Structure formats: C-alpha cells, structure tokens
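Enquirer: These are the residues of each chain, in order.
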Amino acid sequence: MTTLAENKLLFKGADWDFDLIKRVHEACGEIGINEMGLDPYPNQIEVITTEQMLDAYASTGMPLFYRHWSFGKEFARNEALYRKGYQGLAYEIVINSNPCLVYIMEENSATMQTLVIAHAGYGHSHFFKNNYVFKQWTDADGILDYLEFARAYIAKCEDRYGQEEVERMLDAAHALQSHGVHRFPRKRMADLRSEQKREEERRLHGEQLFNDLWRTVPAGKRKPNKDEDERRKALLGLPEENLLYFLEKTAPRLAPWQREILRVVRLINQYFYPQRQTKVMNEGCATYVHHRIMNRLHEKGQIDDGSFLEFIHSHTGVVLQPGFDDRRYSGINPYALGFAMCCDIERICTKPTDEDREWMPDIAGNNDPYGTLRDIWANYRDESFVSQFLSPACIRDFGLFRVVDDEEQEEMNVAAIHDERGYRKIRRALSKHYDIAYRDPDIQIVDVDLAGDRKLILGHRVLDGIVLEEGDTQKVLQHVADLWGYDVKLVEADDSGVVRGEHTASPRRPFM
Amino acid sequence: MHIIDRRLNPGGKSFANRQRFLRRARAQVRKAVREASGTRSIKDAGKGGEISIPTGGVHEPHLHRSRHGGMRDYVLPGNKKYIEGDGIPRPEQGGGQGSQASDSGEGEDEFRFALTDEEYLDLYLEDLELPDLAKRQIAGAKAVQWRQAGFSTSGPPSRISVPRTLRYSMSRRIALKRPKAEEIAALREEIEKLEREGGQFDALQALRLDLEQRLARSKRIPYIDPVDVRYRRLESNPKPIAKAVMFCLMDVSGSMNEHMKDLAKRFYSLLYLFLNRRYEHVDVVFIRHTHEASEVDEQTFFYSRETGGTVVSTALFKMAEIVRDRYPVDQWNIYAAQASDGDNTSSDNAVVLGQLKDVILPICQYYAYVEVGMDDEDDHPGAGEPSTNLWRAYRRVPVDAPFAMRKVRHRRDIYPVFRELFARRPEGVSAEGA
Numbered sequence: 225m226t227t228l229a230e231n232k233l234l235f236k237g238a239d240w241d242f243d244l245i246k247r248v249h250e251a252c253g254e255i256g257i258n259e260m261g262l263d264p265y266p267n268q269i270e271v272i273t274t275e276q277m278l279d280a281y282a283s284t285g286m287p288l289f290y291r292h293w294s295f296g297k298e299f300a301r302n303e304a305l306y307r308k309g310y311q312g313l314a315y316e317i318v319i320n321s322n323p324c325l326v327y328i329m330e331e332n333s334a335t336m337q338t339l340v341i342a343h344a345g346y347g348h349s350h351f352f353k354n355n356y357v358f359k360q361w362t363d364a365d366g367i368l369d370y371l372e373f374a375r376a377y378i379a380k381c382e383d384r385y386g387q388e389e390v391e392r393m394l395d396a397a398h399a400l401q402s403h404g405v406h407r408f409p410r411k412r413m414a415d416l417r418s419e420q421k422r423e424e425e426r427r428l429h430g431e432q433l434f435n436d437l438w439r440t441v442p443a444g445k446r447k448p449n450k451d452e453d454e455r456r457k458a459l460l461g462l463p464e465e466n467l468l469y470f471l472e473k474t475a476p477r478l479a480p481w482q483r484e485i486l487r488v489v490r491l492i493n494q495y496f497y498p499q500r501q502t503k504v505m506n507e508g509c510a511t512y513v514h515h516r517i518m519n520r521l522h523e524k525g526q527i528d529d530g531s532f533l534e535f536i537h538s539h540t541g542v543v544l545q546p547g548f549d550d551r552r553y554s555g556i557n558p559y560a561l562g563f564a565m566c567c568d569i570e571r572i573c574t575k576p577t578d579e580d581r582e583w584m585p586d587i588a589g590n591n592d593p594y595g596t597l598r599d600i601w602a603n604y605r606d607e608s609f610v611s612q613f614l615s616p617a618c619i620r621d622f623g624l625f626r627v628v629d630d631e632e633q634e635e636m637n638v639a640a641i642h643d644e645r646g647y648r649k650i651r652r653a654l655s656k657h658y659d660i661a662y663r664d665p666d667i668q669i670v671d672v673d674l675a676g677d678r679k680l681i682l683g684h685r686v687l688d689g690i691v692l693e694e695g696d697t698q699k700v701l702q703h704v705a706d707l708w709g710y711d712v713k714l715v716e717a718d719d720s721g722v723v724r725g726e727h728t729a730s731p732r733r734p735f736m
Numbered sequence: 002m003h004i005i006d007r008r009l010n011p012g013g014k015s016f017a018n019r020q021r022f023l024r025r026a027r028a029q030v031r032k033a034v035r036e037a038s039g040t041r042s043i044k045d046a047g048k049g050g051e052i053s054i055p056t057g058g059v060h061e062p063h064l065h066r067s068r069h070g071g072m073r074d075y076v077l078p079g080n081k082k083y084i085e086g087d088g089i090p091r092p093e094q095g096g097g098q099g100s101q102a103s104d105s106g107e108g109e110d111e112f113r114f115a116l117t118d119e120e121y122l123d124l125y126l127e128d129l130e131l132p133d134l135a136k137r138q139i140a141g142a143k144a145v146q147w148r149q150a151g152f153s154t155s156g157p158p159s160r161i162s163v164p165r166t167l168r169y170s171m172s173r174r175i176a177l178k179r180p181k182a183e184e185i186a187a188l189r190e191e192i193e194k195l196e197r198e199g200g201q202f203d204a205l206q207a208l209r210l211d212l213e214q215r216l217a218r219s220k221r222i223p224y225i226d227p228v229d230v231r232y233r234r235l236e237s238n239p240k241p242i243a244k245a246v247m248f249c250l251m252d253v254s255g256s257m258n259e260h261m262k263d264l265a266k267r268f269y270s271l272l273y274l275f276l277n278r279r280y281e282h283v284d285v286v287f288i289r290h291t292h293e294a295s296e297v298d299e300q301t302f303f304y305s306r307e308t309g310g311t312v313v314s315t316a317l318f319k320m321a322e323i324v325r326d327r328y329p330v331d332q333w334n335i336y337a338a339q340a341s342d343g344d345n346t347s348s349d350n351a352v353v354l355g356q357l358k359d360v361i362l363p364i365c366q367y368y369a370y371v372e373v374g375m376d377d378e379d380d381h382p383g384a385g386e387p388s389t390n391l392w393r394a395y396r397r398v399p400v401d402a403p404f405a406m407r408k409v410r411h412r413r414d415i416y417p418v419f420r421e422l423f424a425r426r427p428e429g430v431s432a433e434g435a
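Residue numbers (my numbering), protein chains in the order written: chain A, 225 to 736; chain B, 2 to 435.
This is chain B alone, in the form it adopts within the complex (with noise of 0.2 Å):
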C-alpha cells in the first residue's frame, strides 16, 4: 500500500473548464449578472455571488423516455396502509411520484452556482469603455519593466549564457590554433608506438619535441578564457503608467436628502470601480459645496450635514485648484462625476457655465453630470426633461465636449444610466477628448 499526500498539488484543475462553461453561457450569465446587480447593496457591487441562469444553453440533451404517459410501473419502499388492488390517485403533476424521475435532470430549470468577484465584474462592466484613455505617464522609480537585452562582459554568475560563451571560447580557439585534444593523443600514441618498437631515434625525439610545444601552447591557450564569458544582460525600462484621478462633487446643502445622496454614492462607487479596473492607479478627490466648497474625505462627504445656499462655481474652481497643485494635467486623466439636485443660485449659473466650457472641460477625459430626485417626483408620463437651473445652464454645453449628463430618481435607473454613459461606442462618434 501506498499513502500520497496529494494535498500540496496545485488546484484549481477545473479552472480551465470552469473558464469554458462560463464562456458558453456567456450571454445569460451577463443578464444574469447584470439583473443581480440591481438587488445588490453597494458595498457588495463589486463582489462576486450566486447567480442562477436558466438551463436551457447548457442543457446536455440525451436520448431518455418521456416521462409521461404509457404503463409505467414502481417499486415503492415503505408501504404502510396499501394493500393489493388499491387505487391510488395520481399525484399532482411534478409531485415527485415515480422511481424513475431523479435521473433524467428535467425538473430543475435553473442553474445556481457562484461566481468570483473577478468574474463577476468582469461580466458587470463588460462592453463599457473609458473614452479617451490617451494619457499614460511614465510614473516614479518603481514601476520598471526588466527586459533581456543582448549580452555583457560582465554579470553575476547565474547569469552565465552557456552558449554564447562557448561560441566565443570556439572562435578564440580556433583562430590561435589550440592544439585539439584528439591531435595530442594520436601523438602520444604514435610516441608509445615508436618507444615499443625501439629505434628511429630521431623520428622520436622530434615527435617528442612536437608534443611538447603542443602540449605547452594548449596551456598557454585555454579551452575557456575570461575573455569568451558573456552573461545575459538585463536592461531596466520605465514602465508606463495610466494614472487617472476621479473628482466627485456633490452639493451637500439641505435640499439634498438622503435618498439623493445615496443615489449619488452609487453612482461614484460604480464610477470608482469602473476607473480601477482599467487604471492601475486611481486617486479619488471628495469636494463638496454649498455656497462654498472643500475638500473632505469620503466619510465626511457622505454623511456629515452642512447648512448653507447652494452656489455650484465653487466646486469648479475648487477642483481646478486641485488639478493646477496635484494633478499636473499632462500627467494625470482626470474624471469628474458631478451630483446634485439641481439646485443652484441662479446667478451663479453663468458663471458655472463659464467655467465649465473654458476650465474643467478642456483638461477633463469626462465630465458626468448626474442630477438625483425623488422617486415619486416627475414620474407621470410626459414629463419631459427636468427644468432645475443647473439642468438648463448644462443644456448649453456645446456638444462635441466631454461631457455627459442624466437624471436618476431610482436606485434601478443607477446601473442603466451607467451604462449608457459608457457604452463602447464605434469609433468616431466617441466624444471628443480635450
């Protein structure tokens, strides 16, 4: 008998399988997903969970009888009451009647299992694209790409290349004409041969004389000189870096209740999720305003309450203040997402616009302007677009900028909104990047 611990071998031997079964049902598992995903709370957006999927695409037909119909015919444990010639009525249809029912694999019409949390975002933000991912900075010291290149004279030993070195040790060889190691020990031989059959003197001291010489040249030459040895050299690339930094600003004045700021979160998190999975750097920047505006952290931007009038030009120039210190535009994609009821002080709004068109917009990859209500507010048919101040003087941003905006009452509406922001486009008709 043996014992083998198996338990140390490498897992995960149905990943490749798992990978396969996830490819076939893709579309169904997307609408799965993405169904889920308006169930879910907002910590868990971006983990991953059960999902069922209907069985029909990765149904595996075979050829069995219908269960249904003909003379059929049970043996049945655990008879208690029954005897011979007794009627039974038949059992609702799917009662599980019948011996011959578990095998077949019809009853169930879904399929539940799990997904990780990377598969499942993959899923959640597949087909959604970041326009204008131009920028890529080459970023500090640390992020280096060490690629082979070429060979060096120089190097630590386990860099040794066997092959190059014997190439140049061959060439070296060859041209200072090394004796060859077979070439002596015919010598030698034909020396013994001599000595053995004694006489020829001469014959012998010149061979003898021969070999010497050879003998001393080849140690003169060695089979492998410092010279021949080559390492594989390594060479360090600075390695370029998509950095993007994401601007949330929210108007935190009374208006905004908290039905509206957890819209807005949901919004931010989806964004904040979205910008990590396609940039290995993301900083994030809470600014918040009434009539005035700063910079907080996310704690503070969610939850503390602030009194005041309501003048949106102060998170803009708040925010440009923050690119010209921190964020040289060169250096960083910049993405801001605004939220807000509305609301703002009307003669602020041209001021807002102003700065909008001739600041922000141009450093900006994307702008996102999402104005949060009520669930039950304007929700009769016809009610058209929204007429809040700040809606109206974003009507008239120029087209061709970056820049984006939605209405969302509904947590429901979040993921669709989402989507429709950052849908792949073909090409061309993406918005424009500053």
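For reference, chain A alone in the conformation it holds in the complex (with noise of 0.2 Å):
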C-alpha cells in the first residue's frame, strides 16, 4: 500500500494476515524494483501448511508430478528427519515459472515472510528471469502445463500396460536421469506447451499411415561402404552424451509409449539442469537480495529492532559456514559462499582496495554495485562465477585451502592455501568443482554393432584416474540393457588410451 507513510512499521509482533502480506510484497518491491533495479516474474504467494510443504520435499518442489514409489521413498524420509527434529523445513519453496509460484509456510511469522518475500519472491525471481542459463535452457511459461500433462501421460501409461510395467520404465529412466540432458544448445528446444501437441498428432499421424503391406516389400541390397563404420556412427549421431536422448530415438525394441515416457523423464530433467549449475550464484543472489531489502526496510522505519534482530539470527544460520574440521561440515555452503561473493562484489564497487584494482580492474571503484551484479546475475553460471570473482579477500574471509589426493602418495598433501601464490590456484580448482561438466562422469554411446550382434557400446573418458562405482554402475548398466534390448558394453579409458575398467550388462527383461 503505497499510501503507507515512510516510516511507519508495516508490522508489529509475530502474527500476519493476507493484507500484511500484500504490504509487505509492496514494500520489498519498493526496494527491490526502484532502488535495484531487479527484474522478477509477477509472483504469485501461496501459503501452505507443514505436512503441504512435506508433499513439495517429496515431489522436487513441483505442485504436480507424475507418481512413482521413488517420491514416496524421498516423502518417508523426510517426514521421519522431521518429526524427529533433526531437520527444520524450509521456510519457503520457490519455482520458476512464470508467474513465479512462492511457497511459503503458515508457521512462518511475519518477519519470516517478509524475508521469505524477499528472498524468493524478488531474489530468486529475478534471478530465474535474467540469468542466462535459465533463458537458455527453461521454458518459465509452459513447465507446470507440462508436468500436468506428464502426470496425465504416465497415469494413462498405467491404466493401459500395467502399474509395474511403467513402474519398471521409470526406474530405468531415473536411473540414467544423470545423462539425460543435452548440455550445449542445438536447436531452441520446442517450448513445452507444443510439445505436449506433438505427442498427441505424432501417434495419430502414425496411425493413419499405418499399412501392413510394408512390412512385405523385399528390402533391396544394400551397397556395400567402404566407411561403413562412419556412416553408420554419423546416421546414428554418435558420440552421443545424452543417453536418454539416444535409447529415445533409436533403441530397437522399445513401444512408443516408452519411448515417450523416457522422453517425459528427460525433459524434465533439463529443466532441472540450469538449478544445478547456478546453486552458488542462485543462493547468492538471493540472500543478497533479501539481506538489502531487510536491511533497507530496518533503515526506513519498517520494520522494528526486534524483527530486525530475528532477521538476522536467521540469516546468520543460513550463511553459516563451518570449518573443514567442523562436525557440522558437509561441503561449502553455497549460501554463504554466494552470499559472501555478492557482498565482496558489492565492496570492489563502492570501496576497491589496491589489491581488489589489480585482480579486477573492470569493476573496482565503478560505483555501481547494483548495475554490475545485475550483470554478473545475468551472464555466469558457477563455474564462471567462482572462476571470474572469487577475489583474494574472500578466500582469506573463508580461510580455503586446496588438498590433493593421489593414491599414490602415502598422505594428502595441502597444494595451496590463501596467500599470494595460491589464490589463482584456489580459484581455479574450486571453478573446476562447481563444473558440471567436470564433476558428473563423461559417459557416451560410442558405437553400436547393428550389423552382428547389436551390441551398443558406451565409453566412460576417466579423469584423474578415477573409475566408476562398481555396484550403482551394474546396476544402472542393466537398465540400459533391459531398454536397449541387446548386450551392452561400458569401457572405462583415461586419455592415454589405457582401459581401467570393463562392465557388461544382458537384458534380463527386456522392454517391448
């Protein structure tokens, strides 16, 4: 309510109602939009109850997905984690879609949502609209019809060849869900929406032109090819990264509507692919976001001490980063090294030290720490992220060091820590962990024998001498078997050409 007076509280204690809300999105926009300068989706708040917010865990956040017993796994969990009390919910879920769909929780008082608002409903939004990952990738404005019609799909799948049947090809397909994404863009993926149409006339198509006499016609001889293999590896697209993608389209055995469920599976998963390579820059901005809305709130009278002060207890747990040797370790926190980032970003702008203008000359002292975050928020990913603005003073703030592990060497052996000589290597090495490329094995179809037996071989390119896990690979290997309908093949090689590893897998039921 923008007749609200400047200083006036926009609320008092812990209760909220729907109109608070509503002031409160208003005055975080006020900050946000005039002040930032950010850019969100329209959004649309929902509240929602615990055990709703249990309902999300279990479904990767989306208010609809298709059923299989894997979610109920990840439901059971946690329910169990938090009915004991070892793990909090989060205050809210955020998708992006457009409008962007806010989840936030009634137990939540009002200060939390505010921040809640703040960091979801502008700092996240606003990141899912602009970054260029997203963009790329995401179809904001077709996903939840696209799940709508996967639920249906899948449903429909299970009323015609079986629950068990389907259930068996999703297992499959979420086995190989890992490399089921396309990583670099070819043709602007078919938005959604459409591509629900497409299935529909595709199988209507196939139907009328159906005609049995075909299958009678004497196939004539083939030419014999000198470059039979190359033919063949270039009709087929191989190398092919993209294992769904493959059994997809050219899996001998498989009924359309497996290869549509496979399809679903897939398609899915990318949307999901961007979330993964931004999680540092994605927190990041949004707890920037929410840490200077909430701040600017504090300073213009809108909220009281004791909110602000609740505000920042909280924050503090969420950008928590415990030391190597800290029980309560699992890995660098990515909303504190995001955050972390954002505000050193924020620093080089305004107030640049000697060293921050050596290391990075293009932003130090500009000025304008809004216009270059927003810039930042747009056009990296993690990777690049870390590798381009991970400044000196943030690697001594956090105390990195990199260790190398070889096998070979009787101990670890600490490779760089935060002075002079080690930030670039620090830089660079911690890039490299944020690189999805680098940190999911490379898996690819190599080759296919149609001639003989069809054996289709897959190739996985060792890094650093680090072979698959044996017991998850069989397993995994068997569904392809199971999909491909023939023996399979995965050799495990490092780049020097030395083979460290062999798995073979046989369909033991094969899809048909």
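Treat the hints with caution; some may be incorrect.
[As the list claims (entries may be wrong)] Computed Cβ-Cβ distance ranges for the label pairs, DEER-style:
hint, chain 1, residue 1, chain 2, residue 2, range
1, A, 356, B, 84, 51 to 59 Å
2, A, 236, B, 115, 22 to 30 Å
3, A, 308, B, 424, 45 to 53 Å
4, B, 424, A, 725, 25 to 33 Å
5, A, 608, B, 84, 23 to 31 Å
6, B, 165, A, 314, 53 to 61 Å
In short, the hints are calculated from the structure, not lab data. Remember, predicted model here, so these are calculated numbers, not experimental data. Virtual Cβ for every residue (Gly too), placed ideally from N, Cα, C.
Two independent chains are provided; combine them into the complex using the hints.
Expert: Right, here's the structure in full:
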C-alpha cells in the first residue's frame, strides 16, 4: 500500500494476515525494483501447511508430478527426519515458472514472511528471469502445463499397460537421468506446451499411415560401403552423451509409449539442469537481495529492531560456513559462498583496495554495485562466476585451502593456501569443482554393432584415475541393457587409452 | 501479485506414492515390523512407529564416480594452521573427508521412516487368518445398507430422476397426441400470412378453429404431468455383521506369578488386536479361576490376586454358562484363549477334558491353550514337551478339533507362537470348525 507513510511500521509482532503479506510485498518491491533495479517475474504467493510442504519436498518442490515410488520414499524420509526434529523445513519453496510460484509456510512469523518474500519473490525470481542458463534451457511459461501433461500421460500408460511395467520403465529412466541432458544448445528446444501437442499428433499420424503391406515389401540389397563405420556413426549421431535421448530415438525394441516416458523424464530433468549449474549464484543472489531489502526496511523504519534481530538470527544461520574440521561440515555452503561473493563484489565496486584494483580492474571502484551484480547474475554460472569473481579477500575470509589426494602418495598434500601464490590455484580448483561437466562422469555412447549382435558400446572417459562406482554402475547398466534390448558394454579408459575397467550387462527382462 | 491460500487444499498428495513405496519395500518392511514388535511394550503393540530397513531394495542407482582411488582435489574452508606443502594423513575410511562425499547417498546403509498405525498393523498381522469366519449374523436395526432399487412414484424432490420422468412424459404426450410446439407455430404463421394477404375467409376461419382446438388440447395435456414423475428409490437392507466374542480364561492361583501373567496378557492383547481387525464387533469376556471361577473386568483379571486351589473345569463351566446366557451360538463367533501354568487338581483332569470335548469345542471357532512358564525353566536341550497335569490332559483332545496348545516361556516367543497358531493354512488343512 503506497499510501503508507514512509516511517510507518509494516507490522508489529509475529502474527500476519493476507493484507500484511500484500503490504510487505509492495514494500519489498519498492526497494527491490526501484532501488536495486531488479526485474522479477510477477509473483504468486501460496500459503501452505507443514504437511503440504513435506508433500512438495517429495516431488522436488513441484506442485504436481507423476507418480512413482521414489517420491514416496523421499516423503517418508523427510517426514521421519522432520518428526524427530533432525531437520527443519525450508521456510519457502520457489518455482521457476511464470508467474513465479512462492510457497510460504503458515507457521512463519511476520518477519520470516518478509524475509521469504524478499528472498524468493525478488531474489530467486529475478535470477530465474534473467540468468542466461535459465533463459536458454527452461521454459518458465510452460513447465506447469507440461508437468500436468506428464502426470496424465503416465497415469494413462499405467491404466493401459499396468502399473508394474510403467514403474519399471520409470526406474530405468530415473537411473539414467543424470545422463539425460543436452549440455549444449542445438536448436531451440520446442516449448513444452507444443511438446504435448506434438505427442498427440505424432501418434495420430502414425495410426493413419500404418499399412501392414510395407512389412512385406522386400528390401533392396544394400551397396557395401567402405566407410561403413563412419557412416553408421554419423547416421546415429554418435558419439552421443545424452543416453536417454539416444535410447529414446534408437533403441530398437521399445514401444512408442515407452519412448515417450523416456522423453518425459528427460525433458523434466533438462528443466532442472540450470539449477544444478547455478546453485551458488542463485542462492547468493537471493540471499544478497533479502539481506539488502531487510536492511533497507530497517533503515526506513518499516520493521522494528525486534524483527530485525530475528532476521539477523535467521540469516546468520543460513550463511554459516563451518570449517572443514567442524562436526557440522558438509561441503561448502552455497548460501555462504554466494552471499559472501556478492557482498564482496559490492565492496569492490564501492570501496576497492589496491589488491582489488589489480585483480578486478573492470569493476573496481565503478560505484555501481547493483548494476554490476545484475550484469553478473545475468551472464555467468557457478563455474565462471567463481573463476572470475572469487577475490583474494574472500578466499582469506573463508580460509580456503586446496588439498590434493593422490592415491599413490602416502599422505594427502596441501597444494595451496590463501596466500599470494595460492589464490589463483584455489580459484581454479574451486571453479572446476562447480563445473558440472567435470563433476559428472563423462559417459558417452560410442558405437553400436548394428550388423552383428547389436551390442551397444559406451565409453567412460576416466579423469584423474577415478573409475565408476562398481555396484551402482552395474545396476544402471542393467537398466540400459533392458532398454536397449541387447548386450551392453561400458569401457572405462583414460585419455592415454589405458583401459581402467569394463562392465557388461545382458538384458534380463527387456522392455518391448 | 496474487496470494492464494492453499492450506485448505486436500492433503495427502503423497499418499499414492507412499503406498507404492511400501509395496516396493514390502518384504523388508515386513521383516522390520516383525523384529520391532519384539522390543515393544504391550500398550504399543498395535501402534505405528519408526522402523528402519536396509537401503538395498529401495536404492536408486545412478552413474557416479567411485569414492576411492585416483587423484582427488578438494577445496576446503577454515584453514587454521596448514601451509603449502604440508602433508595430511588420510582420514579413516568413512571419516567424511572430501566435499564430494555428500551427494552420492552411499553413506547410509539404513533407511529410517515412520509407519502409521494402520500400515503397521496391516504388516504385523499379514498372512494371519482366523479359522472359520463363517458365522455372519444379521445384527440389530442399526446396521442397514441402502442401495438403489428401481424407481417409485413418490419420494422427496431431491431424488427425482429427470431422465426417467421425461421418458414417461414423452410417451404420454405421444400417446395422447399432444400438439407439438412447432406445429402450432407453423399454424400461427400460416394464419398470419393469410391475414396479411387478405381474402380466403373460409380457409382462415378453418385454420383459426384448428389452432384454437390444438391450443386447448395442449393445455389439457400438460407437458409434464404428476403421473410422469419418477423418483429414484432406495431400499434398505439389513447388513450382515460378523460378531465375535473372545473368552480369556486364566488361572490366577498363587502359582501364577507376574511374569506368567505378563506373558498371558501379551498373548491376549495380540488376539484382541487380531480379532478386532477381522470382525466389526468384538466382545471380550474375562474369566479367572482358582478352585472356583468368576467373570471379572480387565483390571481385576490381570492385577488382583487370589488364593485357592486350582480347578480348571470351573472356568470351562463358567464359560459355557455365559455363552448360554449371552452369546447364542448361532449369532456369535466364539474364540477362547486359556492361559495357565499347567497346574490342575489331578482329579479334575477328566472333567476338564470331558467338558472341553463335549461342550466347549463344539461351540468354539478356535480354542487356544497357552502354557506359560518361567524364563529359565526347562531350557536345556532335550527338555521335550512339558509334562504338567493340564498339558497331559489336553494331549488327549482329538486332533481334528479346533484346538491348539503351545508352551511360552519368554516374551520373544509370544509373537512367533501367535503367528504359528493363526498362520494362513492351505485349503483343507485348516482346523475344522464346530
């Protein structure tokens, strides 16, 4: 409500109502949009209960999802942890859609609701709308409709082909989902809404064209080709790193509905791909935005000291980074790193030191922190963000050090610490750590023996001598063999061509 | 911006997924439930609760790198003392070193979650079956089932059947030749036309008369007449209800100590839970006996002490009497469970056997005798069967009678013994009913 006087408190105490949410949303927008220049999606704020939050957890935060036992497992796990008090629930869940869905819990106090709206409704929402990875890969307008379609399609398949068969198919698809993304944009992905229509039309078209006579037409003799190998690979588009895509398109024995299920899992997973690449930046952006907005609200006298302290308490918990030797340590906290880096960039823009001028001459002292940050949020992902903007000051604050653990050595070795010689090394190592292409094993489909026994050959490019985990790989390969319908082999070799391991699987219960 | 209040939306979105998960992990969950039941207190026997199952069966594999070997590179926060070139001894396996450790989900080998009461009991009592569930009685007026039964000419307005009513209305209209609306409209048009054209007075007159007649007729024959109206009729059917009564018989003489009573109580509780799930209505009758038997309430049954001799037959006579008074055999499924330490006055054995064979077993669906003993007693190998008075007497019960006897010495035996007694048997092998 713009009629509110500047110095009037937005609320007092912990209780909130819908009117208050509206006022808070506008007050945050005043700061977020007018002062910081953010450009978020319109928000749709949904108030939910604890139980509904647990439900949302189980389906990766999405408001609707197809049915599968693994979501039930996830639900059971979270519920048990929550009931015993091991794990608190998130204050919010935000969904990259247009309008941006923000779930807030009814148990939150008024201060927490303000924090959540600033964090999700302005921070995340701005990031989703502007970051290039999201722009390139996700279709925020269509995702909810597509999920609706996926859910209905899979339910229909269950009715028609039986729950067990569909479940088996989904198990196989889920096992491969980390290797079911296109990492490089080829042609622009069709938007998800037309995706639904496409499926319908293709099926109808197939039914119309079907003519059994074609089966009886004798095939002409094929001319022998010298470059048979090359030709075959080119035809199949090999090598192919998107395993799900390859199987969907080329597995010889799958029924159309089974291909469609592979496609559904693949497309939904592709939607989440940007989130995996931008965890630090996304959380950093949202945390920085809520921190700024809350501070400004306090400065303008719109929240009182009590709620400001409540906010500080919660915020400190969120950006806590325990040291490596701490019992609570479980990796680098993306909130902490992202927030620290954003604050650091603000500092470099406004109060640079000599060191900063030397390291980041482009932005040091340009006195436009918000513009600089907006530009960074739009054009980088975690890997490039860290490699460009992790400043020595930040490395010192975190006390980052790099440890190399070589199997052949007796001890692990501290390769770099936060000193002159170490900054670049640490920055490079950390940036590599956030590079998804490096973190996920590089597995590709290399060849298919179409003329012979139709064996599918996959290759794992072994980096740093780290092979695949034996048990899981065997299980996943079994799924691949069942999907492919014939034998499958996975060869692990490093760049010098030394074979580090081989796994094979034969179909036990092929899908057909 | 919109605010939407979703709090009142129906919950339980994850219910279907949860069921799928339980079905998937059924074998492991069942095992876990059986194991958990050994450590539970009697009050919680039927409650849900947390269980843990090995992750194996519900593991979701994915392709990822091994956590051992090779050349690894970590960036860690919180350096306090290290300088470049320092060596760090490798932590013990599973020491949590390394920033890649957390996302593989490998570390946990157990999956913990909570079951609801309903789910727990289902699994707990799965595969168990009550022998001879035959007698289903038509119980009192309360239990009525309503079902659709055709149509009637009277009823409340809310139950009007529109299709049926219109069907009757149409056939009546056709039969009585009610003029159709379009015929009247056409006639009117024609009259109008003639009026405009003028002349042809006779023809006009005839048409007007025709119209008048038709209008009068359609007024006499209404579109929907009360005789057309039909109502969807409901019929009430008495609903058969299976009722069961469970007799708990226990020796409370001095020789029964607290441990034995506790064992008996556990057995009764299980039986009660089980009956309760199979029957809509279960009565429990407690009969305790020393040298004389009396019907008591639960509290007295388990906790008050009595002194006296031990004459088991008194309890059986008492039971027969109660059945005669309150539980007509043709209306009730009768179950009995007897717990005793096996003592009986020697002269009474023949009476007990006679009463059991001739009176009790013929009216019972099932009669279970549980002989409770001390923890340490007879535990050496080759102890064989107990040889108490009562046990020897019951040995002479015919094999085909719905009768079973077991010896229980320890808490952990209760559930296995119970399962053994009520395990689902293949057709034909089950104990014959009375």
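Enquirer: Return holds or violated for the Cβ distance of residue 424 of chain B and residue 725 of chain A against the range 25 to 33 Å.
Expert: For residue 424 of chain B and residue 725 of chain A the Cβ distance comes to about 48 Å; the hint is violated.
Enquirer: Do the Cβ positions of residue 608 of chain A and residue 84 of chain B conform to the proposed distance bound of 23 to 31 Å?
Expert: holds (30 Å)
Enquirer: Are residue 165 of chain B and residue 314 of chain A spaced within 53 to 61 Å by their CB atoms?
Expert: With a Cβ separation near 56 Å, residue 165 of chain B and residue 314 of chain A satisfy 53 to 61 Å, so the hint holds.
Enquirer: Is 22 to 30 Å a correct range for the gap between the Cβ atoms of residue 236 of chain A and residue 115 of chain B?
Expert: Check failed, 39 Å falls outside 22 to 30 Å.
Enquirer: Just to be sure I understand the hint, the distance between the Cβ atoms of residue 308 of chain A and residue 424 of chain B should be within 45 to 53 Å; is that true here?
Expert: violated (35 Å)
Enquirer: Can you tell me whether the CB distance of residue 356 of chain A to residue 84 of chain B sits inside 51 to 59 Å?
Expert: Violated, at about 40 Å.
In terms of the numbered hints stated before, the structure departs from hints 1, 2, 3, 4, listed from lowest to highest.
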